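Undergrad: Sequence:
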Amino acid sequence: MNAHNFLMRIIVKSIVVFLSLLAASPVLADQNDPRLDNLFNILQSIEELMEIRAAENLIWSTWLHHENAEYDRMMRIGSRAMGERRFDQAIGIFSSLIQKAPDYAEAWNKRATVYFMIGDLTLSAKDVDRTLELEPRHFGALSGLGQIELQRGNGDAALKAFESVLEVHPHLPGIEALVRKLGDEVRGREL
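Residue 1 is where the sequence shown starts when you use this note's numbering, and the numbers rise one by one after that.
One should not assume that every hint holds.
Taking lysine-lysine and the DSS-like style, the derived pairs with C-alpha atoms no more than 25 Å apart in a straight line are [what the hints assert, rightly or not]:
no., residue 1, residue 2
1, LYS181, LYS160
2, LYS160, LYS126
3, LYS126, LYS100
Hint data in this document are derived by calculation from the structure and do not stem from the laboratory.
Fair warning: this is a prediction, and the values are worked out from it, not measured in the lab.
Input sequences plus hints: build the corresponding full structure.
TA: Here it is in structure tokens:
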């Protein structure tokens, strides 16, 4: 099979998986969307890089989306402010969104990310905890928790967080190597 046919097979397979997920159940919003269970099952069972990225992107899209158009718009504006490094504005938008929709996990995760970016590890960790209460499979928040613990110099806690990432998303780039490195460091201290 030549490279073009192989690539086309992967693309078609990814599209079929995506369309079947769309048809499988109605869209709710954010971490409550029932399609997430299927997406996480796919993420656990596939090995093809394009399929992994397709499932991961669909998970992120689902987490970001909210059925309330105002909340969806606020998420886009806050994300843009964060990307443009207008951190105070991003925090204000995400805080307002959290006030309006306290069960919207991605709003908590985005604010946690901004707090991390400005170096407030305490507030970042608090928001990560709330994100994980709402969506325990949030591999972005778990990875963020690992980064927070690394910044705090707590290798054991960072290792546990990164191991949790791999349980949820075994193909997240860089995490497996990080787990090996941290595992060696933690075991080295125990000897």
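Undergrad: Hint by hint, which ones does this structure get wrong, listed from lowest number up?
TA: Hints that this structure does not satisfy do not exist here, as all of them hold.
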